[in-house]
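A.B. asks: Chains as they are written, first to last, in this note's numbering: chain S, 1 to 139; chain E, 1 to 139; chain R, 1 to 139; chain P, 1 to 139; chain U, 1 to 139; chain C, 1 to 139.
Hint data in this document are derived by calculation from the structure and do not stem from the laboratory. Watch out, some of these pointers could steer you wrong.
If several chains are the same, the list does not tell them apart, and a pair holds so long as it fits within one copy or across any two.
Stated by the list, open to error - In silico EDC-like pairs for lysine to aspartate or glutamate, Cα to Cα no more than 16 angstroms straight-line: (1) K92 with D131; (2) K48 with D115; (3) K105 with D115; (4) K43 with E135; (5) K109 with D83; (6) K48 with E121; (7) K105 with E88.
6 protein chains.
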Amino acid sequence: MFSIRRALTPRVAARAHCDVPCGIYDPIAATIAAQTVAKMVEKINDLKGNMDTAGANTFTRCVTVKEEHAEKVKREVTILWGDYFKPEHLAKHPDLHTLVWQTLKLASKNKQNVDAAAAAELQANVKRISDIFWETKKG
Amino acid sequence: MFSIRRALTPRVAARAHCDVPCGIYDPIAATIAAQTVAKMVEKINDLKGNMDTAGANTFTRCVTVKEEHAEKVKREVTILWGDYFKPEHLAKHPDLHTLVWQTLKLASKNKQNVDAAAAAELQANVKRISDIFWETKKG
Amino acid sequence: MFSIRRALTPRVAARAHCDVPCGIYDPIAATIAAQTVAKMVEKINDLKGNMDTAGANTFTRCVTVKEEHAEKVKREVTILWGDYFKPEHLAKHPDLHTLVWQTLKLASKNKQNVDAAAAAELQANVKRISDIFWETKKG
Amino acid sequence: MFSIRRALTPRVAARAHCDVPCGIYDPIAATIAAQTVAKMVEKINDLKGNMDTAGANTFTRCVTVKEEHAEKVKREVTILWGDYFKPEHLAKHPDLHTLVWQTLKLASKNKQNVDAAAAAELQANVKRISDIFWETKKG
Amino acid sequence: MFSIRRALTPRVAARAHCDVPCGIYDPIAATIAAQTVAKMVEKINDLKGNMDTAGANTFTRCVTVKEEHAEKVKREVTILWGDYFKPEHLAKHPDLHTLVWQTLKLASKNKQNVDAAAAAELQANVKRISDIFWETKKG
Amino acid sequence: MFSIRRALTPRVAARAHCDVPCGIYDPIAATIAAQTVAKMVEKINDLKGNMDTAGANTFTRCVTVKEEHAEKVKREVTILWGDYFKPEHLAKHPDLHTLVWQTLKLASKNKQNVDAAAAAELQANVKRISDIFWETKKG
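Please take these sequences and the hints and turn them into a complete structure.
C.D. replies: Spelled out as structure tokens, the structure:
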């Protein structure tokens, strides 16, 4: 039976660990949301266009979850950018503004399309933001 | 013309009556939500797979309403379970934990499927919880 | 211990009964919301201005619940007015438009004040709308 | 590429101008929401029934946006009616109650259908409410 | 009587006009939200620390509205930045990234404080973003 | 300057690690929410009853965040209980129903009070649920 929650299962472990006490600013929420977008694209493609009642029920739910989690990527990434990152972080990572900006645009692209490559790109961008985040925690 | 609100009309009267002043804890919200899930399944089946523009508009809206009201069943039942029911109620109704737990799982099943039998089961479970609730009010 | 949910307990039974199967359009939600507003005013007044930590915690929560339920009165009454009532109902109850309009304004007054008389007025107005609703069901 | 936000672009300028300082009560939100409903109907009709994966993704999103913005029309119009308009405005515009009431019903009609004529009617009604609003500002 | 909605009234006209048909991307929502934050600060200061029941009711509501509208500034500004602005706009306005970033931080500052100067700064920043927006529309 | 987000910083690392790929069911959200409740209690107590404008601004915001995160604990714990845990898990952890039930009641207690001991108890209960969760993942 199809389960949206089960569909959310990321393939690789989503870690929120940190060796110093980690704050509430944590890229894990954005990471899981991006994985969810990718999983929804996969689920939709698995339907192979089947739009009978059961298929269309799943399709409608997957599009809605894809929309919500692409939006969640935007929100979580913006929280990290606007609330967590400070001028000293920008000094070390001068491309952060552009990286965040392009990630928001990728999230929109994933709303508007069912496109596994765009979903993978979104995950890669979120990973880069996450890596920068943890880099600043090492300092 | 299709009307979601009209579609919500339960077939039997949803009563929130109580002979002693009833509190805000009232299983009527869960009851109506479960009826709504059943009604949406009926509406979706009435479409007989018609996915022209008008049909698909109705389909999409019914799936969304089904999702929301299955979620509402979960929330309302959890409020009764976690906030209203006290240890003395559990003593008299030792299967309450299991009943609530299975009802949450039935609500998920109704999200994931368009299945009139599962919807009827959900209504039956909510009725059992409702009966226990009113039983405790008699005390 | 203070409990907002317990505070919601209306003094008189909130009935959603109907002798013909009642639809989802049901004034009970507006009725309970108006009772909740009144109960919050009572709870706030019970604090007698005590703003120590425990008092202010209760105060803040009661103001928030008052706000939300006054808003809920507005929303529920508007649903009945806009979605349920039809031209034939208006023909029999020509003051309905004005009654609904004044009820919305009373809900605002209850947000802006802690005023037991205004809360009682709000409950009375909702009761009049509820009576008209059930009157149309008898037809 | 399809973009819901771009789809929201109204064809005529949505103006919130006022020659006296305008208050927060502003019919522009209702105006844009009604335009959005119309745009969604257009987008849905542009699909010409194409329900392949890309088409159905767009269809599902447009129906959801249509639903949300028809609901937003209701909410914004009700705020103007219940919160802004005062007895002296009613005296000058005695048909306001009926106009608002019919606008709510038109919004429901647009949820339940994909109908360009109903969307145009909704826009026309919102424009009439907007005109009355600005009329009262001239004082 | 205190009215939050009336409190929202900006002192200068909030204009969403545009000489070419304006799109849904419109800085007016951010502008009004920033004005609301400023108005709430003013309302809170008008209380002069009065925390009797009526005063504390107003205080609690104003802090909540301040919080919500500071959050709304963040959301609306992020929508413009992430969804509307394109690389060609950035080329002409290379400080846009930094301007948006600092505006988000100012919104947080306004949540955490009751500070008229910080509210004025927030309004000034939103005005700069708005000016850039309309500049790109002239092109 | 007071920062709610900074206030959310848990003292010990919140780990979502798992040695097998972890699913979306992850007790980390409940863990962080419980920590946030505890942090809000601490922040409120730090005010030592100071209810001048700055103090009351912080107080109001902390009570609201405490309320929301106590509610989030309820929701996240219920998701784990209703959606993730299966009959075979119950067989091994027969006290799970009672543990979840008591955790919901503890969350309510934390809403209704500003009580560091109750907050610590809530964190301990969530940790027990989290431990059971990870135990089932080892299987």
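A.B. asks: Work down the list of hints and note, for each, if the structure agrees.
C.D. replies: Here is what the structure says about each hint:
{"no.": "1", "hint": "K92 with D131", "result": "within (13 angstroms within a copy, 30 angstroms between copies)"}
{"no.": "2", "hint": "K48 with D115", "result": "within (14 angstroms within a copy, 22 angstroms between copies)"}
{"no.": "3", "hint": "K105 with D115", "result": "within (14 angstroms within a copy, 32 angstroms between copies)"}
{"no.": "4", "hint": "K43 with E135", "result": "neither (34 angstroms within a copy, 29 angstroms between copies)"}
{"no.": "5", "hint": "K109 with D83", "result": "between (25 angstroms within a copy, 10 angstroms between copies)"}
{"no.": "6", "hint": "K48 with E121", "result": "neither (23 angstroms within a copy, 31 angstroms between copies)"}
{"no.": "7", "hint": "K105 with E88", "result": "between (25 angstroms within a copy, 15 angstroms between copies)"}
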